[in-house]
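Q: Now for the letters of each chain:
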Amino acid sequence: MSAAPEKAAYEPVFTGDRLKELEAIMARYPTKRAALLPALWMVQQARGWISEEAMVEVAEILDLTPAYVKGVVTFYTMYHQHPVGKHFIQVCTTTPCNLCGAEDVLAAFLKHTGCEELGATSPDGKYTVVEVECLGACGFATAVLIGDDFLENVTAEKVPEILKRYQ
Amino acid sequence: MGYPHPPHPKETVVLSQYFGDPEARTYEGWKKRGGYTALEQALSMAPGEIIEIVKESGLRGRGGAGFPTGLKWSFMPKEKTKPHYLCCNADESEPGTFKDREIMRWTPHALIEGCAIAQYAIQAEVTYIYIRGEFTEPLAIMQQALEEAYRHGILGKDAMGKKGLRLDMYIHRGAGAYICGEETALMNSIEGRRGNPRIKPPFPAAYGVFGMPTTINNVETLAAVPHIINRGAAWYKSLSLSSPKSTGTKLFSVCGHVRKPGNYEVTMGFPLGELIYDLCGGMREGRKLKACIPGGSSVPILNREETESCLLDYEGCIEKGTMLGSGGVIVFDDSADMVYQIMRLARFYAHESCAQCTQCREGTAWTVRILQRILAGEGEMKDLDLLLELAEQMTGKTICVLSDSCAAPVVSGIKKFRDEFEAYIKGARRPVTALA
Ligand SMILES: Cc1cc2nc3c(=O)[nH]c(=O)nc-3n(C[C@H](O)[C@H](O)[C@H](O)COP(=O)(O)O)c2cc1C
Ligand code: FES
Numbered sequence: 001m002s003a004a005p006e007k008a009a010y011e012p013v014f015t016g017d018r019l020k021e022l023e024a025i026m027a028r029y030p031t032k033r034a035a036l037l038p039a040l041w042m043v044q045q046a047r048g049w050i051s052e053e054a055m056v057e058v059a060e061i062l063d064l065t066p067a068y069v070k071g072v073v074t075f076y077t078m079y080h081q082h083p084v085g086k087h088f089i090q091v092c093t094t095t096p097c098n099l100c101g102a103e104d105v106l107a108a109f110l111k112h113t114g115c116e117e118l119g120a121t122s123p124d125g126k127y128t129v130v131e132v133e134c135l136g137a138c139g140f141a142t143a144v145l146i147g148d149d150f151l152e153n154v155t156a157e158k159v160p161e162i163l164k165r166y167q
Numbered sequence: 168m169g170y171p172h173p174p175h176p177k178e179t180v181v182l183s184q185y186f187g188d189p190e191a192r193t194y195e196g197w198k199k200r201g202g203y204t205a206l207e208q209a210l211s212m213a214p215g216e217i218i219e220i221v222k223e224s225g226l227r228g229r230g231g232a233g234f235p236t237g238l239k240w241s242f243m244p245k246e247k248t249k250p251h252y253l254c255c256n257a258d259e260s261e262p263g264t265f266k267d268r269e270i271m272r273w274t275p276h277a278l279i280e281g282c283a284i285a286q287y288a289i290q291a292e293v294t295y296i297y298i299r300g301e302f303t304e305p306l307a308i309m310q311q312a313l314e315e316a317y318r319h320g321i322l323g324k325d326a327m328g329k330k331g332l333r334l335d336m337y338i339h340r341g342a343g344a345y346i347c348g349e350e351t352a353l354m355n356s357i358e359g360r361r362g363n364p365r366i367k368p369p370f371p372a373a374y375g376v377f378g379m380p381t382t383i384n385n386v387e388t389l390a391a392v393p394h395i396i397n398r399g400a401a402w403y404k405s406l407s408l409s410s411p412k413s414t415g416t417k418l419f420s421v422c423g424h425v426r427k428p429g430n431y432e433v434t435m436g437f438p439l440g441e442l443i444y445d446l447c448g449g450m451r452e453g454r455k456l457k458a459c460i461p462g463g464s465s466v467p468i469l470n471r472e473e474t475e476s477c478l479l480d481y482e483g484c485i486e487k488g489t490m491l492g493s494g495g496v497i498v499f500d501d502s503a504d505m506v507y508q509i510m511r512l513a514r515f516y517a518h519e520s521c522a523q524c525t526q527c528r529e530g531t532a533w534t535v536r537i538l539q540r541i542l543a544g545e546g547e548m549k550d551l552d553l554l555l556e557l558a559e560q561m562t563g564k565t566i567c568v569l570s571d572s573c574a575a576p577v578v579s580g581i582k583k584f585r586d587e588f589e590a591y592i593k594g595a596r597r598p599v600t601a602l603a
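Residue numbers (the numbering used here), protein chains in the order written: chain A, 1 to 167; chain Y, 168 to 603.
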C-alpha cells in the first residue's frame with residue numbers, strides 16, 4: 001500500500017479572540033451543550049462550511065462526541081457540510097412566493113450563474129443556487145437570500161442586474 | 168405609520184405605529200416615543216398583579232394556538248425553587264406569516280420591553296429570543312437594540328435602577344428548521360440538540376428549557392404587553408368587533424395575489440373580505456378571488472364565499488371551519504392552480520418533518536408523491552380517497568401537529584376544489600411535472 005498523501009494540518013477555529021467570544025457565549029447558558037448552535041455558526045462564518053475536523057474541535061470544547069455534533073449539524077439545513085460557492089443563493093419557492101413567479105426567479109438564477117443544477121456550484125466557483133422553503137417575507141415575493149443579504153421583490157428580469165453586485 | 172403602505176383609515180394601529188420609521192429603532196428614539204414607561208410601571212407592581220392585568224385584557228397567543236397569555240403565565244410556580252426561563256418565539260417560519268419580522272425590524276425595543284415585563288411577571292432570570300437563522304436583518308437590529316438596552320441599564324444587573332433586580336436577555340440564532348417554531352423543539356434547539364418536539368406532558372411551565380419552569384410566547388404576543396400595561400386591560404378588551412373572546416389588535420400578513428401585499432393591523436373580528444378588497448386593494452386587473460388561507464399555511468383553505476363572509480378572530484375562523492392561526496393570509500386568484508399549490512405546501516411539510524413520528528415522516532412524503540402523480544396526469548380517482556385516508560392517519564396521532572398541518576390544506580383542498588383534481592386525473596388539464 002502506498003502512503004496516503006499528506007493532508008494539510010487542520011487549523012483550529014477557536015483560538016485567541018474567537019475562543020474568548022465562544023467562552024462569553026457559553027456563559028449565557030447553564031450547560032456547555034447549549035453553546036453548540038452558536039459555535040457552529042462561528043465555524044461557518046470563519047470557514048464558510050463545517051468540516052468533520054471542525055466538528056471534532058467543537059465536540060472537544062463542549063464535551064460532546066463528534067457523532068453528536070454531526071447529528072446536530074445534519075439536522076439544520078443552514079449548516080453547510082461541504083464547501084459552497086462564494087455567493088450562496090437561496091431562492092424561496094414555497095406557495096406564497098410560488099404564486100408570484102418564484103420558479104421563474106429560480107430558473108433565472110440557475111441560467112445566469114451558470115450553475116448546472118440546484119445545489120451544484122458554478123464552474124467558476126462563484127455561485128451555488130438552492131431552493132429554500134419560506135423565508136418569512138412572503139408579502140415581498142420573491143424572497144431571496146444571497147449570503148447574508150436578504151433581497152425582496154425579486155423578479156426573473158431583475159436577476160442579471162442583481163448578479164452584477166455579486167461578483 | 169404603515170409598512171410598506173401608508174396606514175388605511177380602517178386599520179387600528181397599535182403595534183405597527185412606528186413601522187417604517189427608522190428612528191423608532193434606536194434607544195433614544197424609542198424613549199422619545201414613550202418607550203420603557205410600561206416596564207417602569209410594571210416593576211412597581213407585584214408579579215401577580217401583572218399576570219392579572221394580562222388575564223383581564225383577554226390577550227391570546229399570536230403564535231398560532233391562541234392560548235390565553237395571562238393564564239399561561241399563571242402556570243409558572245409561584246414559589247421559586249429553581250431557575251425560571253422565558254423564551255420568545257421569533258422563529259416565524261409558517262408560510263404566509265411575516266409580521267414578527269417587521270416588529271423586530273422596526274420596533275426592537277418594543278419587543279425587549281415586552282419580554283422584560285413578562286420576564287419579571289414570571290420571575291425568570293433569563294429570556295432567550297429564538298430568531299430564525301435566515302432573518303439576518305432582524306437579527307442584527309435586535310442584537311444592536313439589546314446592546315443599547317444593556318448599556319442604558321434597562322437590562323443586566325440592577326435593571327431599571329432597581330437594586331437586586333437582574334434581567335438578562337440573549338438571542339439564540341436558529342439554523343434553518345421550521346419545526347423549531349414548535350415550542351418544545353425550540354427548547355431542544357436552545358439546549359444544543361436536534362429540534363425534535365418533546366412529548367407533552369410535562370408542559371413547559373413544569374419542565375421547559377434545561378428542564379426548568381419555562382414560559383414561551385410569540386413575538387407579537389409579547390410586543391402587545393407594554394400597551395396593555397400603559398393603557399389598561401379595559402382598553403385592550405374594548406378592542407373587539409365580534410366575539411368577546413377575541414380582543415385587541417392583530418397584525419395580518421397578507422401575501423399572494425393581492426395588489427398591495429403587506430402587514431395590516433386591525434381590531435379582532437375585522438371582516439376578511441374588507442381586508443382583502445379595501446386594505447389590500449383587491450385582486451389584480453381582471454382577476455377574481457378564488458381561495459384564501461387565513462391563518463398561515465397550516466389551516467384549512469376557504470373558498471371565495473367563505474372568505475368573503477369570514478370574520479377575523481379566533482371564533483369567526485372556527486365558524487368557517489378554519490383557524491386564525493398566526494394571521495398569515497395567503498390569497499389565491501382564479502389563475503392559481505390549486506392542485507399544484509397544495510402539492511407545494513405538502514412538499515414544505517415533507518421537507519420540514521423532523522421524522523420522529525412515522526405517520527408524519529411517511530405521511531407527508533406519500534402525500535407529495537400522490538399529488539405529483541396526479542399532477543403528472545398519472546393519477547386515478549381512487550387516489551383522492553387515498554389522500555383523504557392518509558390525511559386521517561396524519562391527524563391527531565403524532566407528537567406535534569406538523570403532520571396535521573400537512574393534512575389540513577389537502578383535505579380542505581380536495582373538498583372545495585375537487586374539480587381541479589379530477590381535471591388532472593381525467594386528462595382535461597395539461598400535466599405538469601414539478602421541480603425537484
Ligand atoms: C410545527 C409548528 C411550528 C410552529 N412555529 C411557530 C413559529 O414559528 N412562531 C411561533 O410563535 N409559534 C410557532 N408555533 C406555536 C408554538 O408551538 C407556541 O404555541 C407559541 O410559540 C406560543 O406562543 P403564544 O402563546 O404567544 O402564541 C409552532 C407550532 C408548531 C406545531
Ligand atoms: S413563501 Fe417565500 S418568503 Fe414565505
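Keep in mind that the hints are not guaranteed to be accurate.
Stated by the list, open to error - In the DSS-like style, the derived pairs of lysine-lysine whose C-alpha atoms are separated by at most 30 Å in a straight line are:
hint: 1; chain 1: Y; residue 1: 199; chain 2: A; residue 2: 32
hint: 2; chain 1: Y; residue 1: 324; chain 2: A; residue 2: 70
hint: 3; chain 1: A; residue 1: 20; chain 2: Y; residue 2: 367
hint: 4; chain 1: A; residue 1: 111; chain 2: A; residue 2: 158
hint: 5; chain 1: Y; residue 1: 177; chain 2: A; residue 2: 32
hint: 6; chain 1: Y; residue 1: 177; chain 2: Y; residue 2: 199
Source of the hints: derived by calculation from the structure; they are not laboratory data.
Q: Hint by hint, say whether it matches the structure.
A: Consistency of the hints with the structure:
1. Y:199 to A:32: Since the Cα atoms of residue 199 of chain Y and residue 32 of chain A sit roughly 40 Å apart, the hinted pair is violated (cutoff 30 Å).
2. Y:324 to A:70: violated (37 Å)
3. A:20 to Y:367: It is violated: about 38 Å lies between the C-alpha atoms, which goes past 30 Å.
4. A:111 to A:158: This hinted pair holds, its Cα atoms lying about 13 Å apart.
5. Y:177 to A:32: Status violated; Cα separation ~50 Å.
6. Y:177 to Y:199: holds (27 Å)
The structure fails to meet hints 1, 2, 3 and 5 from the earlier list, while all remaining hints are met.
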